[in-house]
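S.K.: Sequence:
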Amino acid sequence: MITFLMVLSILLVLFSAFVCWQVLEQRKAIAQMMENDDIADSEQQPEMVITLRVLDPIALAKRESRSARVLADKLPVMVRKMVYQEVLKELENEMAEREIEVDMQLEYR
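This note's numbering puts the first residue of the sequence shown at 1, with every later residue one more than the last.
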């Protein structure tokens with residue numbers, strides 16, 4: 001029985017050493033990836049970004065524009081794009097009026 005327990009203890013020590021070695025290797029790999037991606041300071045706060053989505057751009061376009069009422073059913077993609085561009089312009093004007101510096105971009109996903 002003592003022999004069995006000794007063998008089991010040795011196997012557990014070897015397994016623990018293997019797991020410890022794997023953890024160290026993973027830390028090295030993560031540090032190398034962070035270095036390659038120029039993420040030197042891991043305590044750096046993440047960049048905050050506001051995402052805005054118009055829930056019903058077609059209805060908004062129809063409500064705000066006569067020409068959109070005609071185009072919305074025939075060219076919905078173009079009307080959506082125009083709605084977002086107009087919203088972007090209005091937000092930029094509002095921010096400029098309040099003297100708030102912003103970098104605004106329209107992203108397609």
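Each hint should be verified, as a subset may be incorrect.
[Stated by the list, open to error] Calculated cross-link-like contacts (lysine to aspartate or glutamate; reagent style EDC-like; alpha-carbon spacing at most 16 Å): (1) 62 x 86; (2) 62 x 73; (3) 89 x 64; (4) 74 x 92; (5) 81 x 103; (6) 74 x 86; (7) 81 x 101; (8) 89 x 103; (9) 89 x 73.
These aren't lab readings, by the way, just hints derived from the structure by calculation.
S.K.: Taking the earlier hints as the rules, which of them does this structure contradict?
M.R.: The structure breaks hints 4, 5, 6, 7 and 9; every other hint is satisfied.
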